[in-house]
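We have chain U already, so just place chain R on it with the hints.
Residue numbers (the numbering used here), protein chains in the order written: chain U, 1 to 400; chain R, 1 to 400.
The set of hints was computed from the structure by calculation and includes no laboratory data.
The model shown is predicted, which means the values in this text are computed figures rather than measured ones.
One or more of the hints may lead you astray.
No copy labels: a pair is met if it fits in one copy or bridges any two.
No more than 30 Å apart at the CA atoms, straight line, and that leaves these computed lysine-lysine pairs for DSSO-like [claimed, not checked]: (1) LYS33 with LYS50; (2) LYS322 with LYS292; (3) LYS50 with LYS322; (4) LYS14 with LYS150; (5) LYS14 with LYS396; (6) LYS113 with LYS50; (7) LYS397 with LYS113; (8) LYS396 with LYS81; (9) LYS292 with LYS113; (10) LYS14 with LYS397; (11) LYS397 with LYS81; (12) LYS322 with LYS81; (13) LYS322 with LYS14; (14) LYS136 with LYS150; (15) LYS397 with LYS33; (16) LYS33 with LYS113; (17) LYS397 with LYS136.
2 protein chains.
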Amino acid sequence: MEELVQQLATPGGKMVLLVLDGLGGLPHPETGKTELETARTPNLDALARKGSLGLHDPVAPGITPGSGPGHLGLFGYDPVKHLVGRGVLSALGVGLELGPQDVAARINFASMKDGVIVDRRAGRIPSEEGARLVEKLSQIRLPGVEIELKAEMQHRAVVVFRGEGLSPHVTDSDPQETGVPARRVEPTSSEPEAARMAEVANQFIAEVNRVLADEWPANTVLLRGFDRMPNLPSFQERYGVNPAVIAVYPMYRGLARLVGMTVLDAGQEISDEFDRLEAAWNDFDFFFVHVKPTDSAGEDGDFDRKVQVIEEVDAQIPRLLKLEPAAILVTGDHSTPALFRAHSWHPVPFLIASQWSRWENDCEGFGERACSRGQLGRVRAVDLMPLLLAHAGRLKKFGA
Amino acid sequence: MEELVQQLATPGGKMVLLVLDGLGGLPHPETGKTELETARTPNLDALARKGSLGLHDPVAPGITPGSGPGHLGLFGYDPVKHLVGRGVLSALGVGLELGPQDVAARINFASMKDGVIVDRRAGRIPSEEGARLVEKLSQIRLPGVEIELKAEMQHRAVVVFRGEGLSPHVTDSDPQETGVPARRVEPTSSEPEAARMAEVANQFIAEVNRVLADEWPANTVLLRGFDRMPNLPSFQERYGVNPAVIAVYPMYRGLARLVGMTVLDAGQEISDEFDRLEAAWNDFDFFFVHVKPTDSAGEDGDFDRKVQVIEEVDAQIPRLLKLEPAAILVTGDHSTPALFRAHSWHPVPFLIASQWSRWENDCEGFGERACSRGQLGRVRAVDLMPLLLAHAGRLKKFGA
Chain U
1 MEELVQQLAT PGGKMVLLVL DGLGGLPHPE TGKTELETAR TPNLDALARK
51 GSLGLHDPVA PGITPGSGPG HLGLFGYDPV KHLVGRGVLS ALGVGLELGP
101 QDVAARINFA SMKDGVIVDR RAGRIPSEEG ARLVEKLSQI RLPGVEIELK
151 AEMQHRAVVV FRGEGLSPHV TDSDPQETGV PARRVEPTSS EPEAARMAEV
201 ANQFIAEVNR VLADEWPANT VLLRGFDRMP NLPSFQERYG VNPAVIAVYP
251 MYRGLARLVG MTVLDAGQEI SDEFDRLEAA WNDFDFFFVH VKPTDSAGED
301 GDFDRKVQVI EEVDAQIPRL LKLEPAAILV TGDHSTPALF RAHSWHPVPF
351 LIASQWSRWE NDCEGFGERA CSRGQLGRVR AVDLMPLLLA HAGRLKKFGA
Chain R
1 MEELVQQLAT PGGKMVLLVL DGLGGLPHPE TGKTELETAR TPNLDALARK
51 GSLGLHDPVA PGITPGSGPG HLGLFGYDPV KHLVGRGVLS ALGVGLELGP
101 QDVAARINFA SMKDGVIVDR RAGRIPSEEG ARLVEKLSQI RLPGVEIELK
151 AEMQHRAVVV FRGEGLSPHV TDSDPQETGV PARRVEPTSS EPEAARMAEV
201 ANQFIAEVNR VLADEWPANT VLLRGFDRMP NLPSFQERYG VNPAVIAVYP
251 MYRGLARLVG MTVLDAGQEI SDEFDRLEAA WNDFDFFFVH VKPTDSAGED
301 GDFDRKVQVI EEVDAQIPRL LKLEPAAILV TGDHSTPALF RAHSWHPVPF
351 LIASQWSRWE NDCEGFGERA CSRGQLGRVR AVDLMPLLLA HAGRLKKFGA
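Extracted from the complex, chain U is given alone in its bound form (with noise of 0.2 Å):
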């Protein structure tokens, strides 16, 4: 299906791909109304009147998915032909290059007591604060190896390993849990590739912990994700367009740039974002703007935080449609519900909308129920870009 995408694929209208991250939710228990539910949207039900609704699954139906695999699904990559491992996204993120050869993981600073992980996110640290750190932590050399080291926000760093004869098939250090010690890393394979990236990452470990000997909350680091840059088709060459993404947080747009997309400055405030949106209009014909709070208010459990974030870019939306784009996308890239705290499976409500739409005229507007009676139906997230693609007039027919 993605080769067929690419060979039908034709230049035609702009397209906003409007990503409110973990949109799909659970019921209140009070009211039976989830999160997108309970929301004030005045302008996405009257967009969804006059545009179409369905559920997508951005894996498959039970399948939770983390932010990489759910935004390859959206980009029309298949997440699990595709995986790339958070190393890679967090050093996309912040801007690191990454050569063929080079190995990235994730840094969590956390906190150690007696040998055992109490805390993994050490309290989960200002920004300054990490990045204090990771510039003492910079002083660190290990023989024939070069490391370099950048802070994210708040407790997160990432660590790229540049050399000779790494490898990326290593376990994590993180144990995923307090209360036990930090995990060896070891080798996944039995190249000797694979054996020296282990012990250079256990070595900087040990030198980590010297360094910090003397710090508290912050006195230890576990690592993820080791991964390579893995070697994706662009935007430009899948969908003939010319992308630009605009997202706050550097996760997102790090992925963004696996596929081939210019960042721009995104701001710090929704409305921000829509200003750069509106300023960039001219540049580029295909634009993915992604929104956190939404994800960050569900893993804290907090549901009336997550209905004022979606009504936030509900009061952005006429600005959206004041650009008049050929075709609009707007989604979650999984659903994070307020109860469940976390990522969940939950299918996840959708909505395009362009001139070329069903009308859904009779919907109560933009909703999970709506949207499982939605016109568009029940899809996978990896067929929503050619449907968006379709909206917008740049598919061709397929055969004669």
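Just chain R, lined up with the frame of chain U:
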């Protein structure tokens, strides 16, 4: 996808798969309501409103499955890739051990007059009569082959051929219609073992005809579904669960044994099956409860009886809920509409209920129409186990 689910499986809550065989129906001409929509099912309706609904295709749209593919799909095994012959299902169902070289075939006692089959089921003779005839046939000896026979219910029995140089690649002798002679068993591959198997089977049938010459109505046998034991990964391997089956009919126990389920004594009545479920609740974390009479009523064209059976199951639902399973899946392995009097291709209603369900607050209850508007949409049967596992907290997140 099967591999991905296996990788993501993790310990979690208890699950119940409640299968009403042949559940899906067609509307009664007078009321416009299917069997399930006609049945008074207050408990299933309440469960639907706090659960989620959908329709599944056992194999694919338009495909009518036998019991084997129907159940393998529900168990999460691609039914096209993993085809299991009826002979193997029957042998497993009656507790016959099958070695890797053994070939099993399903027997129907039948009525033959002037060399022509006049009843493919010998008037559905009682089970005791079937057992007597099997006993009589156990005198048959053929050179170089060991033959084991066992009666199933009514006119059904199974034969296992043991010996060197046999093959499952032969045709059925069952002509699937009356008024014609039984067919000769023919090889379907060019290997010498297939020719040998066909010869053995035809010799066996000739011997049966000699031994039963003075019997009526069961004076011959029809053989079908020659096959060997398949090599399926177990539920334990695939999902990390300890599964049990509660099924009155042998074949369904056989299907469950194929994927490593422990067979529990099911008694005879639907209420007996729920007695057993309660008694065994602490010993397993997955229960497959199979209810046969919905299918039998459908095959007999008895709309009202099918309605009654569904109501009988509904009355047991409070007992099931009292056990507090983490996730419940109620569905059929295929449709057997009473008006169609046979298995059919119509999509099958399903209901998943767990703490993490998106409620169907506004649905009219558990029925085909409600399920067609359900929030779990239209899926393939193989997608149901991942969904059930997810709802029971048994699938980890995929990717970072």
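Consistency of the hints with the structure:
Proximity of LYS33 to LYS50 under the C-alpha cut-off of 30 Å is found in both arrangements, the shortest distances being 23 Å within a copy and 12 Å between copies. Taking the closest pair of Cα atoms, LYS322 and LYS292 come within 30 Å of each other only inside a single copy of the chain (23 Å); across copies the shortest separation is 40 Å, beyond that limit. Within a single copy, LYS50 and LYS322 get their C-alpha atoms as close as 15 Å, which meets the 30 Å cut-off; across copies the closest is 41 Å, which misses it. In the homo-oligomer, the alpha carbons of LYS14 and LYS150 never lie at most 30 Å apart, since the shortest distance is 35 Å inside one protomer and 44 Å across protomers.
When the C-alpha separation of LYS14 and LYS396 is checked against a cutoff of 30 Å, the pair qualifies only within one copy, where the shortest distance is 16 Å, while the shortest distance between copies is 37 Å. With identical chains, the CA atoms of LYS113 and LYS50 are never at most 30 Å apart, being 57 Å at best within one copy and 45 Å at best between copies. For the homomeric pair LYS397 and LYS113, the shortest alpha-carbon distance between copies (28 Å) is at most 30 Å, but the shortest distance inside one copy (63 Å) is not. Taking the shortest Cα distances, LYS396 and LYS81 sit within 30 Å of each other both inside one copy (26 Å) and across copies (18 Å).
Taking the shortest alpha-carbon separations for LYS292 and LYS113, neither the intra-copy value of 33 Å nor the inter-copy value of 59 Å comes in at or below 30 Å. Taking CA atoms no more than 30 Å apart as the test, LYS14 paired with LYS397 passes inside one copy only; the shortest distance there is 19 Å, against 34 Å between copies. Both within a single protomer and between protomers do LYS397 and LYS81 lie at most 30 Å apart by alpha-carbon distance, with minima of 27 Å and 16 Å respectively. Taking CA atoms no more than 30 Å apart as the test, LYS322 paired with LYS81 passes in neither setting, with 38 Å inside one copy and 42 Å between copies.
Taking CA atoms no more than 30 Å apart as the test, LYS322 paired with LYS14 passes inside one copy only; the shortest distance there is 13 Å, against 52 Å between copies. Taking the closest pair of Cα atoms, LYS136 and LYS150 come within 30 Å of each other only inside a single copy of the chain (11 Å); across copies the shortest separation is 77 Å, beyond that limit. In this homomeric assembly, LYS397 and LYS33 come within 30 Å of each other (Cα to Cα) only across copies, at 25 Å, whereas the closest approach inside a single copy is 41 Å. Taking the shortest Cα distances, LYS33 and LYS113 never come within 30 Å of each other, neither inside one copy (43 Å) nor across copies (66 Å).
With identical chains, the CA atoms of LYS397 and LYS136 are never at most 30 Å apart, being 58 Å at best within one copy and 33 Å at best between copies.
Comparing the model with each numbered hint stated earlier shows that hints 4, 6, 9, 12, 16 and 17 do not hold.
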